[in-house]
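Our numbering puts the first residue of the sequence shown at 1, with every later residue one more than the last.
Just so you know, not all the hints are guaranteed correct.
Distance condition first, Cα-Cα at most 20 Å in a straight line; then the derived EDC-like pairs of lysine to aspartate or glutamate [unchecked claim]: (1) Lys24 / Glu134; (2) Lys127 / Asp207; (3) Lys50 / Asp307; (4) Lys257 / Glu291; (5) Lys48 / Glu79.
Derived CB-CB ranges, DEER-like [to be verified]: (6) Thr229 / Phe91: 37 to 45 Å; (7) Val111 / Asp55: 26 to 34 Å; (8) Lys50 / Ser93: 30 to 38 Å; (9) Asp96 / Gly60: 30 to 38 Å; (10) Thr228 / Asp55: 20 to 28 Å; (11) Arg327 / Gly290: 42 to 50 Å; (12) Ser70 / Ala49: 29 to 37 Å; (13) Lys50 / Arg101: 40 to 48 Å; (14) His88 / Ser273: 47 to 55 Å.
Note that these hints are calculated values from the structure, not bench results. Even for Gly, the Cβ is constructed at its ideal location relative to N, Cα and C.
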Amino acid sequence: MPHASCPMPLMPHASYNTPRMRHKDFIEIHDYTADEVREIFELARDIKAKPHRFDDALEGQTLAMIFEKSSTRTRVSFEVGMLQLGGHALFLSSRDIQLGRGEPIADTARVLSRYVDGIMARTFAHKTVTDLAEWATVPVINGLTDLSHPCQAMTDYFTAWEKFGDLKGRKIAYVGDGNNMAHSLMFGAPKVGMHISVATPAGYAPDPEVVASASEDARSAGTKLIVTTSIDEAVRNADIVETDVWASMGQEAEAEKRRKDFEGWMVDERVMSLANREAIFMHCLPAHRGEEVSAGVIDSPRSVIYDEAENRLHVQKAIMVALMKDRKR
Numbered sequence: 001m002p003h004a005s006c007p008m009p010l011m012p013h014a015s016y017n018t019p020r021m022r023h024k025d026f027i028e029i030h031d032y033t034a035d036e037v038r039e040i041f042e043l044a045r046d047i048k049a050k051p052h053r054f055d056d057a058l059e060g061q062t063l064a065m066i067f068e069k070s071s072t073r074t075r076v077s078f079e080v081g082m083l084q085l086g087g088h089a090l091f092l093s094s095r096d097i098q099l100g101r102g103e104p105i106a107d108t109a110r111v112l113s114r115y116v117d118g119i120m121a122r123t124f125a126h127k128t129v130t131d132l133a134e135w136a137t138v139p140v141i142n143g144l145t146d147l148s149h150p151c152q153a154m155t156d157y158f159t160a161w162e163k164f165g166d167l168k169g170r171k172i173a174y175v176g177d178g179n180n181m182a183h184s185l186m187f188g189a190p191k192v193g194m195h196i197s198v199a200t201p202a203g204y205a206p207d208p209e210v211v212a213s214a215s216e217d218a219r220s221a222g223t224k225l226i227v228t229t230s231i232d233e234a235v236r237n238a239d240i241v242e243t244d245v246w247a248s249m250g251q252e253a254e255a256e257k258r259r260k261d262f263e264g265w266m267v268d269e270r271v272m273s274l275a276n277r278e279a280i281f282m283h284c285l286p287a288h289r290g291e292e293v294s295a296g297v298i299d300s301p302r303s304v305i306y307d308e309a310e311n312r313l314h315v316q317k318a319i320m321v322a323l324m325k326d327r328k329r
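Use the sequences and the hints to build the structure in full.
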C-alpha cells in the first residue's frame, strides 16, 4: 500500500543517547539544524518502538501547560507523554492563571521556573511564547501560536520519514491558507531535504518574513520553496499533499468570507491525481470534510491522518526528553 510503514531500523543498545540541543527551547524548526531534527526523529523512533525503556526518562519532573486556545491533540499528547515518561503535567488555562488577568509574561515565566521543569504554551500571539522563553529559566515548547505550529510540522515530517525512509529530494505540497501550518512546514522542509510548494488563494499568502527566512534555509540546503496561487502547480509530482482548515481558531468571524474566498480549493480526488502515484495525504486535524478536503481523500488508503495524530505523542516525547532530561535546576 502507498502508506505502508517503512520505519528506520533500530540499532540494538543497552541505553539511549539524548540529543544535545544547542537551544534551551523549542520555538520553531527554523532554529534547529538538520542534524538536530534527525536526532529528534531517531529518538522519537526509539520511543515509539520501545516506550518502556523511557518510563523514567523524566521521572519527578513537571511540565506546565499554558492554554489560551482549546485543544484535543496537543493537550492529550503532552499530558499523556509526560505521564509515560515518568513525569507530571499541569493544565493551566488562561482563565486559571494570572497571565489571563494581566500579569506580565516575565513574572509568570520566572515564577513558573521556580516550580516546574518545563513549559508548553499554546497561545494566540507568537510573542507570548517567545517572551516566555526569554524570561523562563526552564525549557519552553511552542505548542502552537498564530504564527507557527512546529510540533505538528515535526510530526508530519517524522510520519513521512516512517513512510518513505530518506526524504531527500522528495516534494511536499501544502494547499490552503498561508497560516501557521504553512509557515512551520516551510521551515521544516529544508531540514529534511524536501522541496515544498505552498498554494494559497490570492490574499492568503504566507507571512513574507517567514517566506524570506524559509527561502534562505532552502537555498542553504539546496532545496526549493515555491509559493503560488495555482493548486495544480503546487501539487504536480508531490509525494505529500497537505491541507488545513480554511478558518483557524480565532478566525470564526471570517469563516463565511473565507468559505467564499476558498471556493474551488478543496483537496479532492482530482487534486490528488496530480501528485505522484504513491503520494500520501496529510491534515493536522480537526478537518471539515466537504470543505478543505473531500471525504473520498481524507478517508482513503492514501490518508495518514491518524498516523500523524499518534505520532504527535512520540515526537513531543522526544522533544521533551531532548530538552528536559538531565536538566540541572
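Evaluation of the provided hints:
A hinted pair counts as satisfied when its Cα atoms are at most 20 Å apart, and Lys24 with Glu134 qualifies at roughly 10 Å. Between the alpha carbons of Lys127 and Asp207 the distance comes to roughly 15 Å, so the proposed pair stays at or under 20 Å and holds. A distance of roughly 17 Å separates the Cα atoms of Lys50 and Asp307; the hinted pair therefore holds under the 20 Å criterion. The straight-line distance between the Cα atoms of Lys257 and Glu291 is roughly 13 Å, inside the 20 Å bound, and the hint therefore holds.
Proximity of Lys48 to Glu79 is assessed by CA-CA distance (about 16 Å); at most 20 Å being required, the pair is judged to hold. Checked against the given bound of 37 to 45 Å, the beta carbons of Thr229 and Phe91, roughly 41 Å apart, stay inside it. Look at Val111 against Asp55: about 30 Å separates their beta carbons, and that is inside 26 to 34 Å. The hint said 30 to 38 Å for the Cβ distance between Lys50 and Ser93, and at roughly 34 Å that hint holds.
Asp96 and Gly60 have their C-beta atoms about 24 Å apart, which leaves the hinted 30 to 38 Å range violated. The supplied range of 20 to 28 Å is broken by Thr228 and Asp55, whose beta-carbon atoms lie about 47 Å from each other. At roughly 46 Å, the beta carbons of Arg327 and Gly290 sit within the given window of 42 to 50 Å. Distance hint for Ser70 and Ala49: a CB-CB separation of about 32 Å, consistent with the stated range 29 to 37 Å.
The hint said 40 to 48 Å for the Cβ distance between Lys50 and Arg101, and at roughly 44 Å that hint holds. Evaluation of the 47 to 55 Å hint for His88 and Ser273 yields a pass: the beta carbon distance comes to about 48 Å.
Against the hints set out earlier in the document, violations occur for numbers 9, 10.
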